[in-house]
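> Please construct the entire structure, taking both the sequences and the accompanying hints into account.
Single-letter residue listing:
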Amino acid sequence: MEKKQWKAWLYLLPAILFLGVFMVYPLVDVFVYSFEEGYNSASQTFFGTGFYNYSYVLHDPYFLQAVKNTFLLVIITVPLSTGLALLISLGLNAIKPLRDLYQTVFFLPYVTNTLAVGLVFMILFKKTAYSEGLVNLLIGWFGGTAVDFIEGPYWAKMFVLCFYTIWVVLPFKILILTGALASVNQDYYNAARIDGTSKFRIFRRITLPMISPMLFYLIITGFIGAFKAYSDAVALFGTNLNAAGMNTIVGYVYDMLYGDSGGYPSYASAAAIILFVIVLTITCINLLVKKNHVYY
Amino acid sequence: MKVILKDLTKIFPNRTKKLPDVIAVNDFDFEIPDGKLVGLLGPSGCGKSTTLNLISGLQSPTEGHILFGDDDVTDLPPEKRGVGLVFQNYALYPHLTVRQNIRFPLENLKGAEKLTKEEMNKRVESAAALVQLENYMDRKPSELSGGQQQRVAIARALVKTPRVLLLDEPLSNLDARLRLQTREEIRRIQRETGVTTVFVTHDQEEAMSISDMIVVMKEGVIQQIGKPQEVYDSPVNLFVAKFLGTPPINVFHARVEKEMLFIAHQPVLSVPGAPDGEVYAAIRPEGFIPDKEGPLTCALSGIEVMGRDVSVVSTHPESENVAIRSIVGAEIASTIDVSARDVRFSLKPRKVFLYDRATEERILFAL
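Residue numbers (the numbering used here), protein chains in the order written: chain V, 41 to 336; chain W, -15 to 351.
Just so you know, not all the hints are guaranteed correct.
[Unchecked claim] Simulated crosslink set (SDA-like; lysine to any residue; CA at most 20 Å straight-line): (1) Lys124(W) / Arg244(V); (2) Lys239(V) / Pro61(W); (3) Lys124(W) / Asn225(V); (4) Lys330(V) / Thr81(W); (5) Lys136(V) / Thr0(W); (6) Lys239(V) / Tyr77(W); (7) Lys98(W) / Ser238(V); (8) Lys1(W) / Pro137(V); (9) Lys136(V) / Leu42(W); (10) Lys331(V) / Asp122(W); (11) Lys64(W) / Ser238(V); (12) Lys239(V) / His79(W); (13) Lys239(V) / Leu42(W); (14) Lys108(V) / Ile190(V); (15) Lys64(W) / Arg241(V); (16) Lys101(W) / Arg245(V); (17) Lys64(W) / Phe240(V); (18) Lys331(V) / Thr81(W); (19) Lys330(V) / Lys124(W); (20) Lys124(W) / Pro137(V); (21) Lys167(V) / Ala275(V); (22) Lys167(V) / Gly285(V); (23) Lys124(W) / Val224(V); (24) Lys124(W) / Ala113(W); (25) Lys331(V) / Lys124(W); (26) Lys124(W) / Leu248(V); (27) Lys(-14)(W) / Arg65(W); (28) Lys136(V) / Pro(-3)(W).
Keep in mind that the hints were calculated from the coordinates and are not lab data.
Structure (structure tokens):
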């Protein structure tokens, strides 16, 4: 028994070492830094310990703006993208001809280069010296006034960010949901048809519960993904997100470490821990909801 | 409710033009009497499930009509036909309890048929009582055994008192012991409710044991309709003869000459009225009588004791079956010399059927 356990640990050692050095140790370190005031990574010194870092971060208007942005992004994009993905997958599941073609079309964004995507969004939304962007052109046709989506009002920028995020996460969700829908045994639908179940009731009482595990998986990962949003905002609004007022929590952490105003690992750590607590809370709530609504 | 199938045909067009269309159901014409239990029997791919789907309305026929009593239901969607269907895999909604599963069809009723909560509960309770599931009402299907799931499926199909109950391979997902028990259950439930029932099976024993009437099918064509015993005792063609019975019927290449049946040039049975020519002689396992003076000589391979019965296994050069199995009583079997090379049989004329070598149709002879 002793010997066997020793062997098992030996086999696990490479993974444990790797995870320990690159995952567990940094995580613990972040937690420690967040309580060390004025930690300097070069000299490895700090002034004292306490909650000052948290207090600073929570009173920083840039952080509060980042929290607001992130929450808005999460609340708008997670339900919308999941709902849209569900609608599209239901549509895909209902058609026979051209299904493969549409599936490919819907999946394209997933395999498209981020730079190319950025370029497309620029053409769509960015005002340049030569054009006002395709969307503004359309708005103009319908008699509206042009809006600067990249450097204009807050709601316009938020709209673009949400639009972009939804568009980027949609393919994966569609892929998962079409898979889930296709794996529901046709006999359930036949049984329901024989019993004269209405289409809406079939969807609500059979389809939805059957795909609920996948749906729930998408919602949880969607929440976590949206809370971690950063690169999308950079792609749209450039690196100085604080100035654009479009920073996210992860963006704030990055800025605190490496940005132009950076060099404050303690503040960054505190912000990271706050994000962790937020994500943990939301995930716990999700898990509680799941208990009552997800069938396995 | 009487169910009438009139010239029913279902053709599945082939996706590529190169291959011929598949005729799953070919010109069916038969009537299922009210309150009877009918088994559709045939090998896989013979169109029996398609027939069931046509009756349920899940598929619509290419040609022909389906009547429930005097109602032509051919163009009605499944929910308007008043059928209950039990699926091969039961198709119980896994996220609902037994009670919710059984109640599901009732909740769909609309308009004048709409039921109050109390009525629903009453109907659910009585359906559950019929299949003896009262103590399992709040369990999920995954917490039930296969046989119990089957009964839930039957209760769900019966709860809205359908005009016709359809069962698709009802026993195929059960183990041997449960199968025996469940087929008695199906028979009992059918008797108690008196609902006209059609079930599909590839297991001839299953069909024979509980049906009032069996329909033997092959490649979309009805081969024979009748009471199980009748069909067993006089199969109209070689296919039906081979399909019914375990162990299977023993088929010999034989010929008839001057009203005498010859197997390997040995006269084995007098067949008055049969025309001369090459035939198949199909002999039921119980049609052999071990007889030291018997006309049919087979090479003895061994004796298999199966409890009550004994099966004598032998071979014969003119036999289509690799091994000839004949069922004999234990006492008679004890008279057979196991060490002997040969065993000789005389034949019971009622258990011997002659079929034309070309058409495989039955040739009758006087008994």
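> Are the hints correct? Go through all of them and say.
Hint-by-hint comparison with the structure:
Between lysine 124(W) and arginine 244(V) the alpha-carbon distance is near 19 Å, which keeps this suggested pair within the 20 Å criterion. As the CA atoms of lysine 239(V) and proline 61(W) are separated by approximately 14 Å, the hinted pair is consistent with the 20 Å bound. With a C-alpha separation of about 18 Å, the suggested pair lysine 124(W) and asparagine 225(V) falls inside the 20 Å cut-off, and the hint holds. Using a Cα cut-off of 20 Å, the hinted pair lysine 330(V) and threonine 81(W) holds, with the two alpha carbons roughly 18 Å apart.
For the suggested pair lysine 136(V) and threonine 0(W), the alpha carbons sit about 17 Å apart, so the restraint of at most 20 Å is met. As the CA atoms of lysine 239(V) and tyrosine 77(W) are separated by approximately 16 Å, the hinted pair is consistent with the 20 Å bound. The straight-line distance between the Cα atoms of lysine 98(W) and serine 238(V) is roughly 14 Å, inside the 20 Å bound, and the hint therefore holds. As the CA atoms of lysine 1(W) and proline 137(V) are separated by approximately 18 Å, the hinted pair is consistent with the 20 Å bound.
Note on lysine 136(V) and leucine 42(W): the hinted pairing holds, with a Cα-Cα distance of about 18 Å set against a maximum of 20 Å. About 18 Å separates the Cα atoms of lysine 331(V) and aspartate 122(W), which keeps this hinted pair within 20 Å; it holds. For the proposed pair lysine 64(W) and serine 238(V), the alpha carbon gap of about 13 Å is at most 20 Å, so the pair holds. Between the alpha carbons of lysine 239(V) and histidine 79(W) the distance comes to roughly 18 Å, so the proposed pair stays at or under 20 Å and holds.
Straight-line distance between C-alpha atoms of lysine 239(V) and leucine 42(W) comes to about 15 Å, which keeps the hinted pair within the 20 Å bound. The suggested pairing of lysine 108(V) with isoleucine 190(V) holds, with an alpha-carbon distance near 18 Å, which does not exceed 20 Å. Distance check on the hinted pair: lysine 64(W) and arginine 241(V) sit about 17 Å apart at the alpha-carbon level, within 20 Å; holds. Restraint check for lysine 101(W) and arginine 245(V): satisfied, since their Cα atoms lie roughly 18 Å apart, inside the 20 Å limit.
Proximity of lysine 64(W) to phenylalanine 240(V) is assessed by CA-CA distance (about 18 Å); at most 20 Å being required, the pair is judged to hold. With a C-alpha separation of about 16 Å, the suggested pairing of lysine 331(V) with threonine 81(W) holds against the 20 Å cut-off. This hinted pair checks out: lysine 330(V) and lysine 124(W) have alpha carbons roughly 18 Å apart, not beyond 20 Å. Between lysine 124(W) and proline 137(V) the alpha-carbon distance is near 38 Å, which puts this suggested pair outside the 20 Å criterion.
With a CA separation close to 15 Å, the supplied pair lysine 167(V) and alanine 275(V) stays within the 20 Å bound. Restraint check for lysine 167(V) and glycine 285(V): satisfied, since their Cα atoms lie roughly 18 Å apart, inside the 20 Å limit. Proximity of lysine 124(W) to valine 224(V) is assessed by CA-CA distance (about 18 Å); at most 20 Å being required, the pair is judged to hold. With a C-alpha separation of about 18 Å, the suggested pairing of lysine 124(W) with alanine 113(W) holds against the 20 Å cut-off.
For the hint linking lysine 331(V) to lysine 124(W), the alpha-carbon distance of about 16 Å falls within 20 Å, and the restraint holds. Distance restraint check for lysine 124(W) and leucine 248(V): the Cα-Cα separation of roughly 17 Å lies within the 20 Å cut-off, and the hinted pair is therefore satisfied. Distance check on the hinted pair: lysine -14(W) and arginine 65(W) sit about 13 Å apart at the alpha-carbon level, within 20 Å; holds. Proposed proximity of lysine 136(V) and proline -3(W) is supported: the alpha carbons are some 16 Å apart, at most 20 Å.
In the structure shown, a violation is registered for the earlier hint numbered 20 alone.
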